[in-house]
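For chain R, the structure is supplied; the task is to place chain P on it using the hints.
For the record, the sequence lines run as chains R and P. So for the first sequence, the working numbering puts the first residue at 2; every next one is plus one. So for the second sequence, the working numbering puts the first residue at 2; every next one is plus one.
Please keep in mind that the hints were generated in silico from the structure rather than gathered at the bench. In this text, all values refer to a predicted model and were calculated from it rather than measured experimentally. Wrong hints could be hidden among the right ones.
[Claimed, not checked] With a straight-line Cα cutoff of 25 Å, these simulated DSS-like cross-link-like pairs (lysine-lysine) come out:
| # | chain 1 | residue 1 | chain 2 | residue 2 |
| --- | --- | --- | --- | --- |
| 1 | R | K343 | P | K114 |
| 2 | P | K114 | R | K313 |
| 3 | R | K114 | P | K343 |
| 4 | P | K313 | R | K110 |
| 5 | P | K343 | R | K110 |
| 6 | R | K114 | P | K313 |
| 7 | P | K110 | R | K343 |
| 8 | P | K59 | R | K110 |
[What the hints assert, rightly or not] Heads up, incomplete: computed chain R residues facing chain P, CB under 7 Å, no partners named:
| # | residue |
| --- | --- |
| 9 | G38 |
| 10 | D40 |
| 11 | L44 |
| 12 | N51 |
| 13 | Y55 |
| 14 | G60 |
| 15 | S78 |
In this text, a Cβ means the ideal position worked out from N, Cα and C, and glycines have one as well.
Residue-level listing of the chains:
Number of protein chains: 2
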Amino acid sequence: MSADPLVPETRVLAIASHVVYGYVGNKMATLVMQSLGCDVAALNTVHFSNHTGYRQFKGTRATAEEITALYEGLCQSHLTDFDVMLSGYAPSAAAVEAVGAIGQDLQRKAESKPGSFFWVLDPVMGDQGRLYVNDDVVPAYKKTIHHADLILPNQFEAEVLSGIKITSLATLASAITVIHATYNVPHVIITSVDLCKFANPPSTDSAPPPRSLTIIGSTTRSDGSPRLFRVDVPALDCFFSGTGDMFAALTVARLREAVFAAGPDLRTTRSWVSPDEVAPTELPLALATGKVLASMHSVLEKTMEARDAELKELQTTNGEDEGSAGLSEEERSKLAHLRRTKAAEVRLVRNVRYLREPTIEFHPQEWRAEDLP
Amino acid sequence: MSADPLVPETRVLAIASHVVYGYVGNKMATLVMQSLGCDVAALNTVHFSNHTGYRQFKGTRATAEEITALYEGLCQSHLTDFDVMLSGYAPSAAAVEAVGAIGQDLQRKAESKPGSFFWVLDPVMGDQGRLYVNDDVVPAYKKTIHHADLILPNQFEAEVLSGIKITSLATLASAITVIHATYNVPHVIITSVDLCKFANPPSTDSAPPPRSLTIIGSTTRSDGSPRLFRVDVPALDCFFSGTGDMFAALTVARLREAVFAAGPDLRTTRSWVSPDEVAPTELPLALATGKVLASMHSVLEKTMEARDAELKELQTTNGEDEGSAGLSEEERSKLAHLRRTKAAEVRLVRNVRYLREPTIEFHPQEWRAEDLP
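Bound conformation, chain R alone:
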């Protein structure tokens, strides 16, 4: 039997949502990290039947006190020897603060051993120009992010955190510079930037140009300036819930792998910040991002195929959806939405081999202010 393609042993505390059915939040992140060999402690911030993309769900939210109590349970039995914390969705400003206190406590415990604890924070606040949390969650995140080692905002969240409207590569670079400076956070990845929107004018040909998605990241230099890299990947023409959680979980595993591969010095350096002479494209963060996106692309391609097959199977020969006879227009539309949402659940369990051994490659590229349009 060949050796498992696992990352170095990593103990992760993952704090995010739990859903009974489907793959988002900790349900996604736990399996992704476990598949790569990480030992995951999963502290769940909500207990829902399914993700909110279905537009209906049942279940309960953990209070800030319940989150804190679970962590105290770990402390009292000496179960806090974590190498990494990954924090995602928290259901209130108080919950964000409770999670922040956990991260800071783990940092204090690791203080005498630089690099022995690393905090990846996904500031889940909204997407596509819209907040989907209470307004008071934003200042709670702004206070917490100061303590994180790596944050993973999407384009909208990066705008909220930087106060800069991202309308070009130049404003994107500014937003990252501001985030590094304002929050003193050494690593940033902006997980989804649709450059087509502002970099390419609409095509006048009948066939639109193939769309691509750009992921931008940076690790600061010792003077605080950003070391920017980008990875362009072909965009898939569909939306899947949980991809942000998948990105974050893969990044935990692949970043730790890349930091270990960089030699013993880096992993005993505070926040794993590479020396200034390391080029942007050679940063562990950049190498990890390339590998993360390769895995994601394959899993999401397989998901798209499976989704299309599932939806096709639901169509009866007369073109009418099975089971929708006798329903009102409104009920029919709701049923169709539920079916589309279910069919678009990420197909993870049968495709973990793409997490372990990506079959394609995406390479980070450097970009500098003078290259910007």
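Coordinates of chain P only, in the frame set by chain R:
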């Protein structure tokens, strides 16, 4: 890349406990089934920081109403297309009944397609002669088990359910016969029987005989009589929490695999009961049990090695446990217990290859009433 060694596609609803740290209940069962390719919906009945073997924990229990609401959430969005339900620990009699109602509802939904839904029930009540649930949980299980397809009691739970004190192979056979007859449950596995206790008189030699553990199972014939098989495995000299959950989860995956391998007729037969001419050792349940125990033996052996290494590392050169200086006798003993318990957490993530491809083999043997001592 070779094909993944996965079982046939299987959608499982797993209802059991969740712990942040470590591997018991759904935390164990979910990863085990996912590793073999099952899509697992995880409905958590408690949310604890760690398992109760530590003798302290924090967290909350789900009420029967919360369990029911989560299931209603699945129903309203048409997310109930499960092939198998695995139900484990429930924190009260009302919770056991709520889980029972879910199993029965899924059976009703599958009524027109025999064999399309199968319920594995682990009647978690106690061990080693002691109940660790409230007294009213016992009658709740006795009412529920009538509806299950396979139950997985340990020796003590089999005694509680059958009313027969198991003191010999003959009384064990009687207990299984009574369980089949009383609860009309077609498949039973008694997951741990220490035959040494009553089959072998104490050795007078200085070296005790190598201990073995016997797992006994049966699938009924059409006349209701048991078809008994046994699998003997070398006993490991230690106790690990979560092994019952591991056994149950592996059994779900391996039984479904064996039923599919038996051809298309069996999997469209109610409760997957093999025709009478199938010998006990050729039953899918027997074949699955052999494979399950092979995986478990390897993972637990690896766990024992890792546990011993972890405990050794904690000893300082002067023979004193690190970190226990200045503690009272009581505190020292508590710390030692916590460390031993943590060190004995099952090492699952780095050993999933033994789940997927067992490297050893255990074969079921037939045994008949006339062979009994």
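Q: List, from low to high, the hint numbers that the structure doesn't satisfy.
A: none
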